[in-house]
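Note that the protein sequences, when read in sequence, are chains U and H. full-length UniProt numbering numbers the first residue of the first sequence as 1 and each following residue consecutively. full-length UniProt numbering numbers the first residue of the second sequence as 1 and each following residue consecutively.
Hint data in this document are derived by calculation from the structure and do not stem from the laboratory. Note that the coordinates shown come from a computational prediction; the quantities given were computed from them, not determined experimentally. It is possible that some hints are incorrect.
Stated by the list, open to error - What follows is a list of derived Cβ distance ranges for each label pair:
| no. | chain 1 | residue 1 | chain 2 | residue 2 | range |
| --- | --- | --- | --- | --- | --- |
| 1 | U | F11 | H | G162 | 53 to 61 Å |
| 2 | H | A289 | U | T120 | 22 to 30 Å |
| 3 | H | R272 | U | L228 | 50 to 58 Å |
| 4 | H | A289 | U | V121 | 19 to 27 Å |
| 5 | U | S264 | H | L92 | 38 to 46 Å |
| 6 | U | D182 | H | L92 | 31 to 39 Å |
| 7 | U | L118 | H | G166 | 39 to 47 Å |
| 8 | U | D182 | H | V201 | 22 to 30 Å |
| 9 | U | I219 | H | L60 | 53 to 61 Å |
| 10 | U | V121 | H | V201 | 50 to 58 Å |
| 11 | H | R272 | U | L118 | 14 to 22 Å |
Every residue, glycine too, gets a C-beta built ideally from N, C-alpha and C.
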Amino acid sequence: MILDLAAYLAFFLTVALSYAVITLGLNVQWGQTGLFNVGVAGFVAVGAYASALLTTPDAPDRFGGFGLPIIVGWAGAMLAAGLVSLAVGALTMRLRSDYLAIATFGVAVVVQLCALNLQTVTGGPFGIGFIPRPFTSFAGDPLLFSLANLALLALVVLALYLFLERLLSSPWGRVLRAIREDEAAATALGKPALRFRLQAFALGGAIMGLAGAAQAHFIGFIAPDNYLPTLTFQVWAMLIVGGSGNNRGAILGAVVVWALWALSGSVIGSVFPAGWQARAAALQIALIGVGLCAILLWRPRGILGERRIVSRHLVTAPKANPSLVNNTPPEIPHA
Amino acid sequence: MIAQALLDGLVNGAVIGLGAVGVTLTYSILRFANFAHGELVSWGAYFAFLLNLALGSALLSLGAPIGPFSFGWSLPIALVGAVLLSATLALLVDWLLFGPLRRKGSAVIILVMASFGAALALRNLLEFLFSSAPLYFTNALQIAMRLPGGIRATPDQLLAIGIGLGLAVALHLFLTRTPTGRAMRAVAENPQLAGVAGIDVRRIVRTVWVLGAGLAAVAGTFSGLLVQIRPQMGLDLLLPLFAAAILGGIGSVPGAMIAGLIVGLGEAFAVRLVGAEWRAGVAFVVLVAVLLLRPQGLFGARRAA
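Next up, chain H with everything else stripped away, as it sits in the complex (with noise of 0.2 Å):
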């Protein structure tokens, strides 16, 4: 039993994990607290779903199921789809609203405010298109494998674990062996030195964008592939999200990671040992013990506040 909470928590933690990285990105890089960030989350769902619907429909062939997966190639084209969507919606809000705030030098919490407004936009304009009604991208019912130790899990759940550790690793290779990783992170650090030392501040700040949402589309698509697809998916999801990238340390990206493997786990223990409707808390009680005992997070530098 332990060890079937183990399993989901870590498939749980993979899609938390995904979103965290990218909250952890434009919070260290952009500085503030981006409350639309769980609406790339379902805005990239809803892309990858209509994506494959098309795919799907356009050629049979497409979605025929490869190997002992659920879906098949019209998700993968799709996810890439989608990926390439929120991007573009992330940039389009971000040269509509955060943009202009920026340049007009506004304090960190308008620009939260801001992020607040746009999400409030973003989830209820997707309820309005979509209805609030579940969707699927398939109906099939995936057999459970048995793996040792009397774990159940599905090839899908697998292969999020395994997608979400691996993007994981090679952003943070991204960050510290690429010039532009290293630009990045030096934006971070000071983005006046970054900007007198050459770095083009106006491409970083679209390059960390295009992450944040891409990362958050893949997270939206496993979301939906492993449970639903709701307009709600995101807003659910934004708390575990701001608490993974607190834990982790805010500007860490295997921080971020690892911290929403935690977050999981303890949502999938409290299923077991306190109930499912307590799962939502969980994030909440992680929080708090962050903000309590470590505010820097597990792998954050103690920042000048």
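So that you can see chain U by itself, here it is in the shape it has in the complex (with noise of 0.2 Å):
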């Protein structure tokens, strides 16, 4: 009994922390650098489906299936996901901020039509299985491989966390929460504003791409449905609910919307009879989006908010400015 409950916690965490893996990426593209993306789900498929591509065994019904080991799935996923950004980015970033909103959300319905009607690289509505898991040598014993599992997203999401931490504090990182400020000083000071989105919508999108593949390799199996907007709007719950900005919030806001998520799933599955559970799961979602426009009104900071001050030679001055400290959203200037 509690070997099964410890399998399922380590199931549970290792699918929250891929989530946090999306989340991260989501927040270099708006929490620190104010980019709006509503096609999360896209770049996450377009991870996922470029891994197995690359990782699964060679199929005669269909392209691909290239055998290769799984590292080499994730880098292929980073690669092509931040490819993709990069392109929506170049497309959109002159343009009005809400441009590239639409332009993602675009993205996100082309990928979901090609996933589903290129049946001869997609797999078609049925998707792909036998992605490679890794730790197959533990399949035997279920908690082992959970756990195993479970130790190596972790490893991905610290490594992640502390890689973005040091960047968001480089003069890198200052740049971006400088542009999103105030693009027009940052501009005057010599800075390319539009290189830096386009180069921070890249780096989000390749991450969001790894969170796909770690995602895929750990079911081992992907089909269009797991890629539709739904996924796109569990993400930006868990962004706003932890603290956009903030990278511990990401991964804080991750966990604790999908143990929200799961909770309220299980309590709706006992309390509606059968017949009605496909409805009750469309209330579940309803619920998120009053949520996120309840956390928008009233506490748009989140439960963890923004560090305002992330270069280490301004340590001393946060409760000196009290303008540094105010309680407003990430903002970028009207374009």
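Assembly of the complex is requested from the two constituent chains, each provided in isolation within its own frame, with the hints serving as guidance.
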């Protein structure tokens, strides 16, 4: 009984941490740079499919199956999702800020369409199976297998967190925030805003791709249904609840929201009769939507909120200047 | 065959155009891309469905088909009710959500995000209430008429094109010829200056929501009449609506209507040439092409970005 519980807990945390990776990617785009991505699910899907194509054994009925090691799949996933982000960013970044939102929404629609219809590459609605899973040698012992996967994902999240924290307090990260707060001032100081935004958008997209690959290899099977708009909404809820602009908040938000999601799912599952399950799931998503709006209205900072000072040269300043600890959400100048 | 695709495209385009006019109005006057606009289309369709059902069962004579059309007088009456109810819904969402955010001086992108949360809640509420199974205004099969050129069209389809174009012309005249229309355009240009000049900006905001939601309800009702009513119908329409609003040039009502027809025609020809499964990609191709070649749209003024 306790072993079952431990195995479930390990499984739950592994899934939550894979969401944490996506949320960290979104935090680079939105939290740090103020770029609104409504197509998160699309970028995650690009990563998942790229990695699946690279690592699955050769399949006669579709293109690819190159049988490469998992780590190559992960690298390929980051590259593919990063390149797609770069292309979308290059297309819209010069224009109004909400054109990027519309274009990313379009990307998610088109990725979904390709996953469904390009049967010879993506396997169509049935998706791709037999994706190699890490630690298959432990597969005989479910608990050990879950713990090994959990450890791997925890390591990925930790490495990513340290890397992003370092990057955030580096000159590059500080320029991103400067551009987000006041683009004209940053440009006047000689920082090419467009190039920095593109880099941040591509980096965030690549991280989402990595998350897609990690999920695909953990579950061992992918299908277009995994990448519906609901995924995008969940990730947004995670970032907003945790506190956008804060990497620890992104991870915390992913675990908290995933826990609430799983919990409310099982409550709804036990309260509503069997014929109403699909409708009850819709109610669950509707509540997420209301929650998202409520947080935007009443607590835009989320649980942890953003640290306003990231440079170690300014550590003593925050209390002296009240304007630096105000309650405003991340804002970008009217484009 | 080409003529038939042309007609299918115009019918579909009339629905997209009506929705896109609403998007372009909210976009230019309230200054954000409203991701919840598709949901106003869906809610409009469900409102019309419920009212039509209630009227038809209360007074059987209202359900009897009018002339060549598939519906009775209950539908036009239900449509008027749906327009009013959708407008009320839009005002309610604005009062609860967008209004407070505007007063706090939130950035554009926060409003976009709020609209995204509202869309999520509204769409799934519909799915909770009505389940995802499609609904139909009528189960009767309508016989298509033969038109010159070997085209087949049902009277309902021709009516959709006619009403779509008629409403777009009427709205264009309203915006260009009436004091309220001029005030709306002034607010689109510069809300502060318009306020200083004595225009009640809050009244204009309400007018925009009423017009946008009303047109969305008409679009939803026609979409439901010609195809079917589903909770996801607004989500599926959202990308075509945005593509059409941007192609037409943000703020241009005739532009949005014409661009809606273009997107609709594009979809109809894609269905013939590439296959029905790729239809949803057409709007994205249009969007990318506009953003690459002419970001201000066909009829948009090049505004300081």
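Could you tell me whether the CB distance from H/R272 to U/L228 stays inside 50 to 58 Å? violated (28 Å)
A range of 53 to 61 Å was offered for this pair. Does it hold for the Cβ distance of U/I219 and H/L60? holds (55 Å)
Cβ-Cβ distance between U/D182 and H/L92: within 31 to 39 Å? holds (36 Å)
Range hint compliance [Cβ, U/L118 to H/G166, 39 to 47 Å]: Once the Cβ atoms are compared, 41 Å apart, the range 39 to 47 Å for H/G166 and U/L118 holds.
Is it true that H/R272 and U/L118 lie within 14 to 22 Å of each other by Cβ? holds (20 Å)
U/S264 versus H/L92 beta-carbon gap, inside 38 to 46 Å or not: The hinted range 38 to 46 Å is violated for U/S264 and H/L92, with Cβ atoms some 25 Å apart.
Verify the CB-CB distance for H/A289 and U/T120 against the hinted window 22 to 30 Å. holds (27 Å)
Can you let me know if the beta-carbon spacing of U/V121 and H/V201 is within 50 to 58 Å? 52 Å Cβ-Cβ, so the 50 to 58 Å window holds.
When you take the CB atoms of H/A289 and U/V121, is the distance between them in 19 to 27 Å? holds (24 Å)
Is the hinted range of 53 to 61 Å satisfied by the C-beta distance from U/F11 to H/G162? With Cβ atoms ~58 Å apart, the hint holds.
Tell me if the beta carbons of U/D182 and H/V201 are separated by a distance inside 22 to 30 Å. holds (27 Å)
When held up to the earlier numbered hints, the structure conflicts with 3, 5 and fits the remainder.
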